[in-house]
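We have chain A; now place chain B onto it with these hints.
Those sequence lines, one after another, are chains A and B. Oh and the first sequence: position 126 is 125 in numbering that gives the first Met the number 0, straight run, nothing missing. Oh and the second sequence: position 331 is 330 in numbering that gives the first Met the number 0, straight run, nothing missing.
Don't take every hint at face value.
[Said to hold, decoys possible] Now the in silico label distances, taken between C-beta atoms and shown as ranges:
1. A:Trp277 to B:Lys104: 45 to 51 Å
2. A:Leu267 to B:Thr215: 32 to 38 Å
3. B:Ala126 to A:Leu118: 19 to 25 Å
Hints listed in this document are in silico derivations from the structure and should not be mistaken for laboratory results. Virtual Cβ for every residue (Gly too), placed ideally from N, Cα, C.
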Amino acid sequence: MIDPSIFLLSLFNGLLYASVLFLLSSGLNLIYGVMRIINLAHGNLFAFGAYICVWLLITYGLQSLPMPAWYVLPPLVGGAVAAGIAMVVEPTLLRPVYKRPEEFQLLVTFGVMLVLADLLLLIFGGIPIAAREPYFVMGFIDLGVANYPIYNFVIIGLGLGVAIFLWFLTYRTRFGTMLRATSLDQSMAQAMGVNVRRLMTLTFVLGSFIAGMAGAYLAIKDTATLTLGVETLVLAFIVMVTGGLGSMKGAFVGALVVGYLRVLVTLLYPEAELMLLWLVTAGILLARPQGLFGGR
Amino acid sequence: MSGEKQSRRSFITAVGAGVVGLAVGLAAGSQVLSAGEKVVEKTVTLERTVTQQGGAATVTRTVTAGGTARPTPTTPIKVGAQYLFKGGGAVLGLPGAYGLRQAIKEINDAGGVLGRRVELLERDEGATDATVTEFRKLVLEDKIDYYFGLISSGNTPAVGPEAEQNRVLTIFTDGCTDLLFEQAVPNPKYVFRITNIQSSDAFTAAAGGVKVLFDTGVVPKDAKVAGIHPDYAYGRLIHDFGTTMLKKMVPEVQILDPQFVQLFGVTDFSAQITAILAQKPDVLLTSLWGGDYINFYKQSIGYGLFKQAKFITTLGFGGSPQTVGKDHPPGHIMGVHANYWFTHPDWTTWPLNKTFSEKFYQLWNEWPSFEGEGAYVSGLMWKSAIEKAAGLVGGYPDHTEVIPILEHMGYYGPAGYVWFRKQNHQGYKNAVTGVGGEDPTYPFATMTQVISIPIEKVSASAEYPTSKAWLESLPIGYRA
Numbered sequence: 000m001i002d003p004s005i006f007l008l009s010l011f012n013g014l015l016y017a018s019v020l021f022l023l024s025s026g027l028n029l030i031y032g033v034m035r036i037i038n039l040a041h042g043n044l045f046a047f048g049a050y051i052c053v054w055l056l057i058t059y060g061l062q063s064l065p066m067p068a069w070y071v072l073p074p075l076v077g078g079a080v081a082a083g084i085a086m087v088v089e090p091t092l093l094r095p096v097y098k099r100p101e102e103f104q105l106l107v108t109f110g111v112m113l114v115l116a117d118l119l120l121l122i123f124g125g126i127p128i129a130a131r132e133p134y135f136v137m138g139f140i141d142l143g144v145a146n147y148p149i150y151n152f153v154i155i156g157l158g159l160g161v162a163i164f165l166w167f168l169t170y171r172t173r174f175g176t177m178l179r180a181t182s183l184d185q186s187m188a189q190a191m192g193v194n195v196r197r198l199m200t201l202t203f204v205l206g207s208f209i210a211g212m213a214g215a216y217l218a219i220k221d222t223a224t225l226t227l228g229v230e231t232l233v234l235a236f237i238v239m240v241t242g243g244l245g246s247m248k249g250a251f252v253g254a255l256v257v258g259y260l261r262v263l264v265t266l267l268y269p270e271a272e273l274m275l276l277w278l279v280t281a282g283i284l285l286a287r288p289q290g291l292f293g294g295r
Numbered sequence: 000m001s002g003e004k005q006s007r008r009s010f011i012t013a014v015g016a017g018v019v020g021l022a023v024g025l026a027a028g029s030q031v032l033s034a035g036e037k038v039v040e041k042t043v044t045l046e047r048t049v050t051q052q053g054g055a056a057t058v059t060r061t062v063t064a065g066g067t068a069r070p071t072p073t074t075p076i077k078v079g080a081q082y083l084f085k086g087g088g089a090v091l092g093l094p095g096a097y098g099l100r101q102a103i104k105e106i107n108d109a110g111g112v113l114g115r116r117v118e119l120l121e122r123d124e125g126a127t128d129a130t131v132t133e134f135r136k137l138v139l140e141d142k143i144d145y146y147f148g149l150i151s152s153g154n155t156p157a158v159g160p161e162a163e164q165n166r167v168l169t170i171f172t173d174g175c176t177d178l179l180f181e182q183a184v185p186n187p188k189y190v191f192r193i194t195n196i197q198s199s200d201a202f203t204a205a206a207g208g209v210k211v212l213f214d215t216g217v218v219p220k221d222a223k224v225a226g227i228h229p230d231y232a233y234g235r236l237i238h239d240f241g242t243t244m245l246k247k248m249v250p251e252v253q254i255l256d257p258q259f260v261q262l263f264g265v266t267d268f269s270a271q272i273t274a275i276l277a278q279k280p281d282v283l284l285t286s287l288w289g290g291d292y293i294n295f296y297k298q299s300i301g302y303g304l305f306k307q308a309k310f311i312t313t314l315g316f317g318g319s320p321q322t323v324g325k326d327h328p329p330g331h332i333m334g335v336h337a338n339y340w341f342t343h344p345d346w347t348t349w350p351l352n353k354t355f356s357e358k359f360y361q362l363w364n365e366w367p368s369f370e371g372e373g374a375y376v377s378g379l380m381w382k383s384a385i386e387k388a389a390g391l392v393g394g395y396p397d398h399t400e401v402i403p404i405l406e407h408m409g410y411y412g413p414a415g416y417v418w419f420r421k422q423n424h425q426g427y428k429n430a431v432t433g434v435g436g437e438d439p440t441y442p443f444a445t446m447t448q449v450i451s452i453p454i455e456k457v458s459a460s461a462e463y464p465t466s467k468a469w470l471e472s473l474p475i476g477y478r479a
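Chain A on its own, in the form it takes in the complex (with noise of 0.2 Å):
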């Protein structure tokens, strides 16, 4: 019989697992969806947003800043940064291989990884850095045997909110619209007025500034560390592909659907967290090639 307390955080430990996971996913997700682009700079992307916001933290912020900025603050100058990386790959290195194989705009998505992998390695160095107060101030709930972070309901909030934010942008505005009407036939939006070029640069933009933002929250709880990139990018690839390529509600319920079998093979049967991803990953494409919610 599972204590009560343990389920409970069971449930949130759920909860924070899947939006952990779709923020890692949902930049990514945009961007393959309209620009049909696989970004392998988004980890180093959500790693930078991760460095520049513990980096504000401990070098100013936690002096100079009251509280309730720590949390607002920092992690948007860290989605910032990444954007403004974004701004400048976008034009100058991805625009001429879109109409290339997609060798090309792997390797170069590549290439970009390994540049902002080594950015990174030269200005902050190789040793994770952390920093803890703004995990530690917000305090706990007391469950009795244990207690649960109150930071970690900041990123499901973080996760929730990014969700919802992705589907009205997508579902009840023009930009949406374009957006959709983009991904679908570019030659037709284009005809049909779009300013393809625009969207593309504000999609890779905003795809980037998510997944800087969330990089910078998540290292709130965690470390910013060199190796972020590389393992944010493998389980984002995991959550998209079987969710669907391209499909945010596939993101959403794929990264539910890991998050709490997750923790359940945690607390029954910990040898199997290992290999659990994978399975469900084989499990998911070998009865849906295309993923829960991908178009044939």
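Leaving out everything else, chain B in the frame of chain A:
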């Protein structure tokens, strides 16, 4: 007659020329000697080709003529090194590299090794395949003379046999799995390792836990012991040996199912922490290290795991000291891989530690970890061994002449006395662990109680085939 005269004139001319020549020669010679240089005998190498009977094979034998000194090469000594320079492992890898760099800087500042400057070639340590590939490049392309480094015990058993095969004198500065000298390189010739072996690490952590937690009644004798470890050689061994020793020392303890997580593959430990909380343990044995431990302890505070269980860590204080903040709860066993914590031995009684630590801080803006100390000492021991070998052979020694010196070598370093055991080339020094807490002198968590254990009490003696066999031979109720 004229012939006689001519002959006499020629004779006098020849003698005169000889005298002048001798005078010039002496003057030149005295100039060389006055510059402080010695006349060095040249090594004479005799090569003889012998065709074996039947002519099937041709063997070339090279014989070095005895009694002549070998000159010191004028080229720099190339030293290769591999460390984890980025990611969660850099918390241990970088201080290791710093220690080696510091030793080499001191050696070069003092004139090099027998006058030869030391050139350090650093490469990334990574996954095992990549690490071995880089090692081969160092050997085959960069033509290194000696090799140092490695952090991960997943890597030393792969690089060790390569070093033996390529005859590269190697001093591993970590990667301390017992399997290296028990299985991967059972009869080492070229490979040595300076830091204490992992069985000693597991045993020291358990012994520290028993002394501080069990014997003082902080936790009950029948405490439930949970575990979380990285899922590779190190984590598996620490779980196996650590729980074996806890059971030996306190037979009543209950060992619960452990968690194994991918090394540096998990940043969110919420599921693992919840699973541990569900076990309701009194003690948590963990060998998470580097970035993994930093994430884990931070999230454990958030979930209240420190309230539930006392931690026994093998590497809680294993990385750069500043990486574990003052937010780390006090009163838990904070391991240093059973090797060294920079405030011990006490600086007033062991000034060598003070000098080293302060110099390390000056150079790298952080206090030394056990990795830094181990790498530093290995560099200085290596230099000392070459110089001793040179003295014995009367010339510049090759690897086979340095090895016997290292095999019998003891050295006083910042951590105290360290020596290599001839049989397995493993370094031994008194084992250290301690209790974490706060000291206003430092802006990070530090050891408030250091526990130093004679290494003989926590490591197998030479006659045991394996460390596990020795651990199992110990009596119930054993105390280190």
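Taking 32 to 38 Å as the stated bounds, is the beta-carbon spacing between Leu267 of chain A and Thr215 of chain B within them? 35 Å, holds
Against the range 19 to 25 Å, how does the distance between the Cβ atoms of Ala126 of chain B and Leu118 of chain A compare: consistent or not?
23 Å, holds
45 to 51 Å was suggested as the range; check whether the CB atoms of Trp277 of chain A and Lys104 of chain B agree with it. Roughly 46 Å apart at Cβ, these two residues keep to the hinted range, so it holds.
In this structure, every one of the numbered hints holds.
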